[in-house]
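Q: Residues per chain, in single letters:
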Amino acid sequence: MSASVQPKAAEGRFFEDFRLGQTIRHATPRTLTAGDATLYLALTGGRFAPQSAETFARAIGYPASPIDDLLAFHVVFGKTVSDVSLNAVANLGYADCRFSKPVFPGDTLSAVSQVIGLRENTNRQSGVVYVRSQGFNQRGETVIDYVRWVMVRKREVSAPAPEAVVPKLPEAVAVASLGAACPPIDRAAFDEELSGSPYRFEDYSAGERIDHVDGVTVEEAEHQTATRLYQNAAKVHFNQFSEGQGRFGRRLIYGGHVISLARALSFNGLANAFHIAAINGGRHVAPLFAGDTVFAWSEILETAALPHRDD
Amino acid sequence: MSASVQPKAAEGRFFEDFRLGQTIRHATPRTLTAGDATLYLALTGGRFAPQSAETFARAIGYPASPIDDLLAFHVVFGKTVSDVSLNAVANLGYADCRFSKPVFPGDTLSAVSQVIGLRENTNRQSGVVYVRSQGFNQRGETVIDYVRWVMVRKREVSAPAPEAVVPKLPEAVAVASLGAACPPIDRAAFDEELSGSPYRFEDYSAGERIDHVDGVTVEEAEHQTATRLYQNAAKVHFNQFSEGQGRFGRRLIYGGHVISLARALSFNGLANAFHIAAINGGRHVAPLFAGDTVFAWSEILETAALPHRDD
Amino acid sequence: MSASVQPKAAEGRFFEDFRLGQTIRHATPRTLTAGDATLYLALTGGRFAPQSAETFARAIGYPASPIDDLLAFHVVFGKTVSDVSLNAVANLGYADCRFSKPVFPGDTLSAVSQVIGLRENTNRQSGVVYVRSQGFNQRGETVIDYVRWVMVRKREVSAPAPEAVVPKLPEAVAVASLGAACPPIDRAAFDEELSGSPYRFEDYSAGERIDHVDGVTVEEAEHQTATRLYQNAAKVHFNQFSEGQGRFGRRLIYGGHVISLARALSFNGLANAFHIAAINGGRHVAPLFAGDTVFAWSEILETAALPHRDD
Chain Y
1006 MSASVQPKAA EGRFFEDFRL GQTIRHATPR TLTAGDATLY LALTGGRFAP QSAETFARAI
1066 GYPASPIDDL LAFHVVFGKT VSDVSLNAVA NLGYADCRFS KPVFPGDTLS AVSQVIGLRE
1126 NTNRQSGVVY VRSQGFNQRG ETVIDYVRWV MVRKREVSAP APEAVVPKLP EAVAVASLGA
1186 ACPPIDRAAF DEELSGSPYR FEDYSAGERI DHVDGVTVEE AEHQTATRLY QNAAKVHFNQ
1246 FSEGQGRFGR RLIYGGHVIS LARALSFNGL ANAFHIAAIN GGRHVAPLFA GDTVFAWSEI
1306 LETAALPHRD D
Chain V
1006 MSASVQPKAA EGRFFEDFRL GQTIRHATPR TLTAGDATLY LALTGGRFAP QSAETFARAI
1066 GYPASPIDDL LAFHVVFGKT VSDVSLNAVA NLGYADCRFS KPVFPGDTLS AVSQVIGLRE
1126 NTNRQSGVVY VRSQGFNQRG ETVIDYVRWV MVRKREVSAP APEAVVPKLP EAVAVASLGA
1186 ACPPIDRAAF DEELSGSPYR FEDYSAGERI DHVDGVTVEE AEHQTATRLY QNAAKVHFNQ
1246 FSEGQGRFGR RLIYGGHVIS LARALSFNGL ANAFHIAAIN GGRHVAPLFA GDTVFAWSEI
1306 LETAALPHRD D
Chain W
1006 MSASVQPKAA EGRFFEDFRL GQTIRHATPR TLTAGDATLY LALTGGRFAP QSAETFARAI
1066 GYPASPIDDL LAFHVVFGKT VSDVSLNAVA NLGYADCRFS KPVFPGDTLS AVSQVIGLRE
1126 NTNRQSGVVY VRSQGFNQRG ETVIDYVRWV MVRKREVSAP APEAVVPKLP EAVAVASLGA
1186 ACPPIDRAAF DEELSGSPYR FEDYSAGERI DHVDGVTVEE AEHQTATRLY QNAAKVHFNQ
1246 FSEGQGRFGR RLIYGGHVIS LARALSFNGL ANAFHIAAIN GGRHVAPLFA GDTVFAWSEI
1306 LETAALPHRD D
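In the order they appear, the protein sequences are chains Y, V and W.
Quick note: to get the working numbering, add 1005 to the position in the first sequence (first position is 1).
Quick note: to get the working numbering, add 1005 to the position in the second sequence (first position is 1).
Quick note: to get the working numbering, add 1005 to the position in the third sequence (first position is 1).
Worth flagging that the hints you see were computed from the coordinates, not collected in a lab.
There could be a bad hint or two in this list.
Stated by the list, open to error - Label-pair ranges, simulated between beta-carbon atoms: (1) W:A1166 - V:E1198: 18 to 28 angstroms; (2) V:S1182 - W:D1191: 27 to 37 angstroms; (3) W:D1191 - Y:N1285: 37 to 47 angstroms; (4) V:P1188 - Y:P1292: 25 to 35 angstroms; (5) V:P1292 - W:D1297: 52 to 62 angstroms; (6) W:A1309 - Y:A1169: 26 to 36 angstroms; (7) Y:R1314 - V:V1180: 35 to 45 angstroms; (8) V:V1180 - Y:P1292: 53 to 63 angstroms; (9) W:D1297 - V:D1297: 15 to 25 angstroms.
Small disclaimer: the values here were computed from a predicted structure and weren't measured.
C-beta atoms are modelled at their ideal positions from N, C-alpha and C, and glycine is treated no differently.
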């Protein structure tokens, strides 16, 4: 490095760079197209009918085939990485995630985050940052919002820390606040042979467990291509040279992509669960590496009908 | 697995689940877009001019760039897998395959199969299932139809078998029934520099053999991405954990994708053979694995002009 | 190979097949779509705002999101390979490359090359071929033009060589000839938070060096898919069977794709450098193989404002 190197290349925020209440508008708005829908399908294996076929989507009440909910989530999430988690030691969790508008090809997503909590760790080397992130479409409508918290390194151990504030998060998203991302569905037009399963909402009950049977082995080229599709530039996913010297000796697969693979596997058993209304909480309990095989099972914890809707 | 596991996740039909004359409407209709055309091109290496350029396609008489015939085939085939061959021991063959309507971006394909033959094997552990599968567009027009036969395991060896019925298949598709998927071509507008070859129909003669020179090495990430693009969920292509304990110790590459790679290689020597009218028969004579290199050669067995057409 | 093998499969031109002044119209015109933009983004990691978001592009003055300049370059370049460099020993350099019209989804690119120099090597086994290649859109407008020179094998060492002609190439593209591919930009509408950097033209000065920090490891499946996307059929990139016996024992990554990866990395530090007006010269100084990690740095050699423009 010569002395003339300028800091124009961002190194990302460290713990002491965040301030409670701070609002960050993230870079690179993104227009999602039919090309994104195709590539996401080919990288994850999705087979849900409304996302796969214009005819099916329109028959049940959508104006067009919607973009997969998790693709929209990953695109919004990806924008936040450079500003929030470039120096993250760990992604600790997600909560209170709502999908509040459907996303269609042609929509442009952008994202804003607000710092809602900060707590330095006792070793003073890092701290936990809580942000609420919102994804917007080109009309300024919120399409997704969620809270996540990450452990972020400090640039300098001696830097003073703000008073600890830990936000109170709901254990589950209120059912009454859901459903806005899914138009009223014409149940009679919902063709169960085409959708791949005769099982509907009332066929699932609390305590039921579904083994989705299939497994999928992930390759480096696949998760890297997916993570770039999401414009998520976290270096742990891409750089074998540096990761080879790091904690795992390997590139880490973006945890959100693993959720997408599990979601695609869940088609076999939950084929009619074509829309995600909310995610109450999520954690990445173990890292996944290329060559590993992902399996999925689902447990129905509770069922809840949307109020004011009978579809 | 707990006792509450429900059979909502399909395990696929076994030999004794098929009945002669049975009609199966397959799940997940699929709208093909420009995104699918791009990804298929990038995964196979296609360079045929009408499929690559709107301008070329329109100049010779198409209303738009058609979707590659084999992409449409794979998408139709992919839908049949969950219902027909999830428990297949082997894909034995294809025959009597006709392409009867061109497919364009925006078209939605769906598929129906009819069981036209059943024959239990003498060991009673499996049997051969013959199906005629048809692919339809959103107007209900048949775009592709073909027969395939697969060897399918029995769930229980003792299950009674139906009387053996083996359909009589034509050795070759009748030329008179072909051509409907290709509009009349304006030969004068067919630019041989842009298409990549000066050789036309009358330049090829029976007995001629063409070595297509090039070879392409296939990676796991490539065939997995392609097979998901086709929404073909056969587990042998994706799950190294289970296949590692299986017959080959490896994931098997979907044979149809190998045909697509060979077809793309055939551009070098058959650049003007831009449309497949029919496939008389096909067999996968040996498995292909990641790391293998595909080469292709063609032998002209016979030439036949389409009746009533001079283009 | 039987005796009836016909030479319909092209083996590519050897040095003695080129003639000074010769014009070659290349095969396979190509319509670029939103699908190409997506796949290119996912294979390279691009995050420049105008190419990512319709809304951003329109706000600053584009009629739509432009296709990435380097994607257009690779597609034009790819067409020239079968005719110019199939028997190349080495790609020696590029110069005088101008981007003179923006390319948008829906545009169809074709390419023509003219031989502007020939010089046999003293060992008589090969020679250097200089071509000026031009890429056109469907309206016949030049979108890209550049010179490249390649070392091409002779079919027969004894073949006579033409008189040596080496074209004089400019050291740098004249600034006055640039800018036509970029509409006048509305600086006030250029949102620096959304673009990802507050640094504009006037913030960069000669001598400044920017380390783009990040690195990306390239997989075989990724560069093969990208190179097929560009319809570049050079066998060194795809055929492990033959390359395994060759100079490097490995498939070689297309150098243009490496430039695209470096360009995408340069976003971190040059986020507002969203358009490439010209490439003064380029060389591939060392081969890159799968498993290698690409890093990038930029040195500002000189800055020059476009005449007649204040945006």
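Q: Against the structure, test the hints numbered earlier, and report the numbers of the ones violated in rising order.
A: Going through the list in order, the structure violates hints 2, 4, 5, 6 and 7 and respects the others.
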